[in-house]
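There are 2 protein chains.
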Amino acid sequence: MASINKNYLKLPGSYLFSTIARKVESYSKEHPDADIIRMGIGDVTQPIAPAIIKALHDAVDEMGSDDSFRGYAPDLGYEFLRNVIAEKDFKARGCDIDPSEIFVSDGAKSDCGNIQEIFDVNNKIAVCDPVYPVYVDSNVMAGRTGEYDEALGKFKDVIYMPCTEANGFAPELPTEVPDLIYLCFPNNPTGAVMKKARLQEWVDYANKNGSIILYDAAYESFISEDDVPHSIYECEGAKECAIEFRSFSKTAGFTGLRLGFTVVPKELKAGGEKLWPLWARRHGTKYNGAPYIVQRAGEAVYSDKGRSQIKQQIAIYMENAGIIVDGLKAAGYEVSGGVNAPYIWMKTKDNMSSWEFFDYLLNEAQIVGTPGSGFGPSGEGYFRLTAFGSRVNSHRAIERIKKL
Amino acid sequence: MASINKNYLKLPGSYLFSTIARKVESYSKEHPDADIIRMGIGDVTQPIAPAIIKALHDAVDEMGSDDSFRGYAPDLGYEFLRNVIAEKDFKARGCDIDPSEIFVSDGAKSDCGNIQEIFDVNNKIAVCDPVYPVYVDSNVMAGRTGEYDEALGKFKDVIYMPCTEANGFAPELPTEVPDLIYLCFPNNPTGAVMKKARLQEWVDYANKNGSIILYDAAYESFISEDDVPHSIYECEGAKECAIEFRSFSKTAGFTGLRLGFTVVPKELKAGGEKLWPLWARRHGTKYNGAPYIVQRAGEAVYSDKGRSQIKQQIAIYMENAGIIVDGLKAAGYEVSGGVNAPYIWMKTKDNMSSWEFFDYLLNEAQIVGTPGSGFGPSGEGYFRLTAFGSRVNSHRAIERIKKL
Chain A
1 MASINKNYLK LPGSYLFSTI ARKVESYSKE HPDADIIRMG IGDVTQPIAP AIIKALHDAV
61 DEMGSDDSFR GYAPDLGYEF LRNVIAEKDF KARGCDIDPS EIFVSDGAKS DCGNIQEIFD
121 VNNKIAVCDP VYPVYVDSNV MAGRTGEYDE ALGKFKDVIY MPCTEANGFA PELPTEVPDL
181 IYLCFPNNPT GAVMKKARLQ EWVDYANKNG SIILYDAAYE SFISEDDVPH SIYECEGAKE
241 CAIEFRSFSK TAGFTGLRLG FTVVPKELKA GGEKLWPLWA RRHGTKYNGA PYIVQRAGEA
301 VYSDKGRSQI KQQIAIYMEN AGIIVDGLKA AGYEVSGGVN APYIWMKTKD NMSSWEFFDY
361 LLNEAQIVGT PGSGFGPSGE GYFRLTAFGS RVNSHRAIER IKKL
Chain B
1 MASINKNYLK LPGSYLFSTI ARKVESYSKE HPDADIIRMG IGDVTQPIAP AIIKALHDAV
61 DEMGSDDSFR GYAPDLGYEF LRNVIAEKDF KARGCDIDPS EIFVSDGAKS DCGNIQEIFD
121 VNNKIAVCDP VYPVYVDSNV MAGRTGEYDE ALGKFKDVIY MPCTEANGFA PELPTEVPDL
181 IYLCFPNNPT GAVMKKARLQ EWVDYANKNG SIILYDAAYE SFISEDDVPH SIYECEGAKE
241 CAIEFRSFSK TAGFTGLRLG FTVVPKELKA GGEKLWPLWA RRHGTKYNGA PYIVQRAGEA
301 VYSDKGRSQI KQQIAIYMEN AGIIVDGLKA AGYEVSGGVN APYIWMKTKD NMSSWEFFDY
361 LLNEAQIVGT PGSGFGPSGE GYFRLTAFGS RVNSHRAIER IKKL
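First to last, the sequence lines map onto chains A and B.
Just so we're aligned: 55 in our numbering is position 55 of the first sequence, and the numbers increase by one with no gaps anywhere.
Just so we're aligned: 280 in our numbering is position 280 of the second sequence, and the numbers increase by one with no gaps anywhere.
Chain A extracted, bound-state conformation (with noise of 0.2 Å):
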């Protein structure tokens, strides 16, 4: 008789984002003339860039024709996205990743959901505590994370790695050496950075002991500040233990077109097996390539006008995260965050749970956020706010929440 997977069960409730979804539309069903500003998932507004909707329409117009038609695309990526991606992602910063090493797919969360599944099951995994929930959940499917403990919001065997005020939301190299590890910065949900020389304890740490850094970088083009790594190849010995994420989706609004790329650095070994073989061999049996149309779209963002097009968006969206912070500045709460990022990170007011500030902003403010505790129990007594809105109501949700 057929059986499921039991690991699926230890999973506490439903994702994250769900439940944000069903409490604001069951709100939104009650209140119907509510005017909701959501600041909640780091969902973008802008709409896409000239640039890209241009050779979106190109590709368009190819996919119609007998002479230009395109079917399965390559399994790893269509080799002008590759090069473009070599050259000005890494080769343009010092960073010797080759095309053969970057595998396109359809988004980081996809790939930062499927590493997993190159590694023994035994291999223990550490985060930072908060995290974005799939690095966690996508190995407890796998079975990688023991049984949840409800008292204390953790799975037995990973290793969580507090990321508080005290450290700068950035975490201490753990005691206990974990074989994969997930970091991501610029952070979600934090907006903290690690600066290079911080980085590079974290490449020496892992080539010391032989473990994994899955680094996911989907916020670099965030970055303001000069000292701050877009890519953990900027440090030494990078391609010896790490594999990096990035993502279209936050950089040019790609978040309804999907796109992404994986590094998988050709000589990286995990116990003496190298690692890209097995990613290409994932890739080519359950995957079947990001559509032609998107990966030409994808293209666009490295031409000149895609670029300047693209800088101008991300400026709005800092420029929001300034408005934000100032704000919630003067409005008296403790906020981090906003400078390398689009993710405002601030306490919740008089000591409230995060959900409990969550209930609090959608009923007296209908502002919409993400609870820090939904990160993880170093979270608990945070809240998340993204600066992907519009101006005014980046704007408006001040005014509200000063007001409150």
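Keep in mind that the hints were calculated from the coordinates and are not lab data.
Taking lysine to aspartate or glutamate pairs in the EDC-like style, the calculated list, with each CA pair at most 20 Å apart, reads:
1. B:LYS54 / A:ASP58
2. B:LYS311 / B:GLU225
3. B:LYS91 / B:GLU79
4. B:LYS305 / A:ASP61
5. A:LYS305 / B:ASP61
6. A:LYS54 / B:ASP61
7. A:LYS349 / A:GLU380
8. A:LYS311 / A:ASP43
9. B:LYS349 / B:GLU364
10. B:LYS10 / A:ASP120
11. B:LYS6 / A:GLU267
Chain A is fixed; fit chain B onto it per the hints.
This is chain B only, laid out in the frame that chain A set:
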């Protein structure tokens, strides 16, 4: 120290189609002027139909405009697409499938590869032999198949169900009861079908034994005969035992656009646990939806114009199939398939092995097909051709084969 998922090392050689691609590339390099006719990978050649191209352009324009831009898609797909699928693919055929039971994805390959994750790692799978490699390989990666037996060409813990001339290339009900049964009809690679009465026996067998049928209906739009079911849900009781996969790839030329869907009935259970919430959780955790523009393209497939344009395309492919089947028979080959499926399944010449025949056809006639043995041991001595080429090439391929 990190280590790899050693199940990957059980996979014999590389993925079938990657091997073919390498062989063809190497032949092309040695014979740069060779005029190769590709009938190997089941990739379509006709451009996307005009009604769908129009829908794509319209959706691209929406993405470029402030008031119509769309970010993250709903987890399970847009309602406009799920509604029309439920209506036209299922309700119109008397199948009681609700839009909420439809999960939109980037293709049937991904879903067929990923579905095994929600089942217990100790569940035993049964597959047709020959079989589309993704079903087996994804289970190898998960550790569900045991070791590969080189001599037999089989994994130890998999139930192989031979599909031979004797049973019309449709398997017998297995004597050892499997937990998970992969069926694909119309079949890839043999082009065989299962009539409704026969498929009903499988549904009854699964319900009696508590097995789950994973039914790949990617080729249903090529069915030309009346008593062949388009969906397993045409059988009584299938909602209690079956998950169905569908694809837009072959139906509407979406191999380069990427769109498919999976049906998981709300009431379907394995070992007493409902499967719908597990698949929904997997979707929400590891996937972020198909691109909005591609979902709009999928919707256009069901419009009156879209339908009639696609019907014409399918008719062209199936006329190719007829030309190939008749031509091969005239050349003295034993042939099946090609009536309800775009695949032609032929016996090799002079008892050559499948790979010998592959090399023979490539070297002597510059035709690329797929060795039957790549699909499993019972495929040895067979060869698959596809009808997805142009009319001209279908004729030319037959002329070349006749001349050999």
